[in-house]
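Undergrad: Residues per chain, in single letters:
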Amino acid sequence: MLRVSLLKRRPEFTLTASFAAPTPGVIALFGRSGSGKTTLIEMIAGLLPPDEGQVQLGGTVLTDTRARIAVAPERRRIGYVFQDSRLFPHLTAAGNLRYGLKRARSVPHAIRFEEVVDLLGLASLLHRRPHQLSGGERQRVALGRALLSQPQLLLLDEPLAALDVARREEVLPYLERLRDWLSIPMVYVSHQFEEVLRLATYLVLLEEGRVLAAGPVGEISLRSELRSILAPDLVGSVIEGLVTGVDAAGGTADLAIGSGKLQVSLRDVPVGARVRVQLLARDIILATQPIEGLSVRNALLGTVTEVTPEMQASVLIKVDVGGPIVLARITEGARAALRLAPGDAVWALVKAVSTRGHAFRLFGAPARRA
Amino acid sequence: MEPVSSAELEALRLSLEVATRSVAFSLPLAVLVAWILTRARFPGRTLFDAFVHLPLVLPPVAVGYVLLLLLGAQAPLGRWLQAGFGVHLPFTTAGAALATAVMTFPLMVRAVRLSLENVDRGLEAAACTLGAGPLDRFLTITLPLMLPGILAGAVTAFAAGLGEFGAVITFAANIPGVTRTLPLALYTAMQSPDGDPLALRLAILSFVLGLAGLLLAELLVRRVRRLLGR
Numbered sequence: 595m596l597r598v599s600l601l602k603r604r605p606e607f608t609l610t611a612s613f614a615a616p617t618p619g620v621i622a623l624f625g626r627s628g629s630g631k632t633t634l635i636e637m638i639a640g641l642l643p644p645d646e647g648q649v650q651l652g653g654t655v656l657t658d659t660r661a662r663i664a665v666a667p668e669r670r671r672i673g674y675v676f677q678d679s680r681l682f683p684h685l686t687a688a689g690n691l692r693y694g695l696k697r698a699r700s701v702p703h704a705i706r707f708e709e710v711v712d713l714l715g716l717a718s719l720l721h722r723r724p725h726q727l728s729g730g731e732r733q734r735v736a737l738g739r740a741l742l743s744q745p746q747l748l749l750l751d752e753p754l755a756a757l758d759v760a761r762r763e764e765v766l767p768y769l770e771r772l773r774d775w776l777s778i779p780m781v782y783v784s785h786q787f788e789e790v791l792r793l794a795t796y797l798v799l800l801e802e803g804r805v806l807a808a809g810p811v812g813e814i815s816l817r818s819e820l821r822s823i824l825a826p827d828l829v830g831s832v833i834e835g836l837v838t839g840v841d842a843a844g845g846t847a848d849l850a851i852g853s854g855k856l857q858v859s860l861r862d863v864p865v866g867a868r869v870r871v872q873l874l875a876r877d878i879i880l881a882t883q884p885i886e887g888l889s890v891r892n893a894l895l896g897t898v899t900e901v902t903p904e905m906q907a908s909v910l911i912k913v914d915v916g917g918p919i920v921l922a923r924i925t926e927g928a929r930a931a932l933r934l935a936p937g938d939a940v941w942a943l944v945k946a947v948s949t950r951g952h953a954f955r956l957f958g959a960p961a962r963r964a
Numbered sequence: 173m174e175p176v177s178s179a180e181l182e183a184l185r186l187s188l189e190v191a192t193r194s195v196a197f198s199l200p201l202a203v204l205v206a207w208i209l210t211r212a213r214f215p216g217r218t219l220f221d222a223f224v225h226l227p228l229v230l231p232p233v234a235v236g237y238v239l240l241l242l243l244g245a246q247a248p249l250g251r252w253l254q255a256g257f258g259v260h261l262p263f264t265t266a267g268a269a270l271a272t273a274v275m276t277f278p279l280m281v282r283a284v285r286l287s288l289e290n291v292d293r294g295l296e297a298a299a300c301t302l303g304a305g306p307l308d309r310f311l312t313i314t315l316p317l318m319l320p321g322i323l324a325g326a327v328t329a330f331a332a333g334l335g336e337f338g339a340v341i342t343f344a345a346n347i348p349g350v351t352r353t354l355p356l357a358l359y360t361a362m363q364s365p366d367g368d369p370l371a372l373r374l375a376i377l378s379f380v381l382g383l384a385g386l387l388l389a390e391l392l393v394r395r396v397r398r399l400l401g402r
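So the sequences go chain by chain: X and V. Residues in the first sequence are numbered consecutively from 595, following the numbering used here. Residues in the second sequence are numbered consecutively from 173, following the numbering used here.
Keep in mind that the hints are not guaranteed to be accurate.
[Stated by the list, open to error] One side only, chain V facing chain X, incomplete, derived with CB under 8 Å: (1) L288; (2) V291; (3) A297; (4) T301; (5) A304; (6) G305; (7) L307; (8) I313.
Derived from the structure by calculation, the hints contain no laboratory data. Each residue gets a CB set at the ideal place from its N, CA and C atoms; glycine is no exception.
Pulled out of the complex, with its shape left as it was, chain X reads as follows (with noise of 0.2 Å):
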């Protein structure tokens, strides 16, 4: 468990952050820019002292202002990977990956220097300088940097907002095999949305420096809160399912949801994975009876279980799909139309194709250490 509560005064603004959130998983600090997430996981790290508040890692308490306790940053064993990587210029790839190994000496090394060159793919960077290297292989060194250093908490401040789209995709997947294959726990600061999607497994929404929500990402995928961070076409319920079959030739996996089955656009998942898919609130459609005849290759029967006004005239509707709850952004006038009100039977159509670009692996990997 990572616990968090903290005061700052900035002359900007005021951060007053609070959350427990379970480790190990993805933490993801989610919220605008200048909405205080630097700050926190500066206080976080021992970096920046708060004014008041404690830091608890598992059973260890990091800072507690009322007792008086701040354990220096080079003694809290917590990695760090910043927005502009901060690789040391005089020393190549791998002096900057050993630096923080050979101060590692009081604890075991979990983490291996092969282990983590083979990981995030450095082999052939380990004798360049930082100057030489792309930003994403920048980002990847930084990542191993602060692996090695044997971390019992890794932050991540935007380790990918310095980067191009296609540099992301470069960084990304080695991101989600840190997550899949180390079981330490990562506190993930982003602006993006997609990248939350990705990664986390813990949504801590930040807005002027205060937590609007905070829970599991499925959870908070559902909140208002987080409608007034993320751009209205970018809302929609993120769901979580085990592969029951894949159809390789057309693209198609189906998906375990709750009591239903869900048939989503995705490539090389092997039967059995875990994976997460955001169903956009714009994409699905709503009717009050069975339809045959349309090409949509999912209709999921649920209950209305909330109808919430929103501007220009339309409505977004909780669908209770037996277990999941699929959101569902509709006109105002066919709401009228179609007289939906709580307690109404509907199917929620969902076509498999929209659901592209939003079908992740999540814990694919079988876990490599108990």
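Position chain V against the provided structure of chain X, taking the given hints into account.
TA: Quick look at chain V alone, frame taken from chain X:
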């Protein structure tokens, strides 16, 4: 013109020795003072800063005179050094080196300080999260990154130290073989009726030495910068 005389060689050797000793003495101190001026916050910092830079604006003779007042055989500090450590500074080569060190100190502090200000503190924070304590961080990150400035400061101070005149002649006098460095030998040659050829050769020598020093500094800095990847 006659071949290079032993007096000339003696002056050259002395100049090199005095400059080397002055740099060796003042470099660690310059790093410390630069660090204090850049990183420490304390009342009187501005005054301390001005004090360090004083030799730049004071007449060198005045600096030599102050040293004589402080460290002379009759002064308390001078007597204490003589009695406690057997160190006698006025009118010695070591004294010439000290006077030179005081005069070139601001030059060195300036260069070192500039390089320290350019060290990205984010890198030190990164080293911190990797388990490096304050001294460890300074030695493995800050100091190597300051190296171009330290080298530039050292070579510039060395080149300037070869030619220090006023403070040396006041504090250490003009003793052949002991404190008669290049500029003092040049001055002495100019004072003697038939010393013009010697004076000219010494002037040319000083010119060549100074130029070589500055070029060397530039070259070293470029080399180290490339090593640091900038």
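Undergrad: Hints first: check each against the structure and report whether it holds.
TA: Against the structure, the hints:
no.	hint	result
1	L288	violated (15 Å)
2	V291	violated (10 Å)
3	A297	holds (5 Å)
4	T301	holds (4 Å)
5	A304	holds (6 Å)
6	G305	holds (5 Å)
7	L307	violated (11 Å)
8	I313	holds (6 Å)
Going through the hint list in order, the structure does not satisfy hints 1, 2 and 7.
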